[in-house]
Amino acid sequence: CGCVCASPGEVLLCRGPVVDLYLGQLEQVERLRGAAEVSVIFFYAPWCAHSIAARHEVQEVARRLVKQVQFVAVNCWWSQGKCRKQKSFYQYPVIHLFYKR
Numbered sequence: 001c002g003c004v005c006a007s008p009g010e011v012l013l014c015r016g017p018v019v020d021l022y023l024g025q026l027e028q029v030e031r032l033r034g035a036a037e038v039s040v041i042f043f044y045a046p047w048c049a050h051s052i053a054a055r056h057e058v059q060e061v062a063r064r065l066v067k068q069v070q071f072v073a074v075n076c077w078w079s080q081g082k083c084r085k086q087k088s089f090y091q092y093p094v095i096h097l098f099y100k101r
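By UniProt numbering, the letter at position 32 of the sequence shown is numbered 32, and the numbering carries on one by one without gaps.
Don't take each hint at face value.
Said to hold, decoys possible - Okay, derived cross-link-like pairs now, DMTMM-like style, lysine to aspartate or glutamate, Cα gap no bigger than 25 Å in a straight line:
no., residue 1, residue 2
1, Lys82, Glu27
2, Lys100, Glu30
3, Lys85, Glu30
4, Lys87, Glu27
Keep in mind the hints are simulated off the structure, nothing from the lab.
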């Protein structure tokens, strides 16, 4: 993707069908999750080598499943974001799958 992930305003997943909430907006996660039958939420830290390495796989899977699954990436490292304030992850990335019954 060519993104440089050095600051909270720079996105980790800059292109494709993944919605990147780079300011840690958890309220938007709930809205997007509620609108989809199946959702994958990718919580990341922009400095994390594992998050950066996983982004390509997340983008590829999102491209293949664009009509079936809502993919959302959330920067949980930005200090002013709700994700950082409300979640306590010990490592990144963290991937959650939600299925609406």
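> Taking only the CA atoms, is the gap from lysine 85 to glutamate 30 under or equal to 25 Å?
Replying inline: It holds: about 16 Å lies between the C-alpha atoms, which stays within 25 Å.
>> With the threshold set at 25 Å, check whether the alpha-carbon distance from lysine 100 to glutamate 30 stays at or below it.
In response: Holds, at about 12 Å.
>> For lysine 87 and glutamate 27, compute the direct alpha-carbon distance and say whether it is at most 25 Å.
In response: Given that 25 Å is the threshold and the Cα spacing comes to 13 Å, the pair holds.
> Is it true that the CA of lysine 82 sits at most 25 Å from the CA of glutamate 27?
Replying inline: Status holds; Cα separation ~8 Å.
Against the hints set out earlier in the document, no violation occurs for any number.
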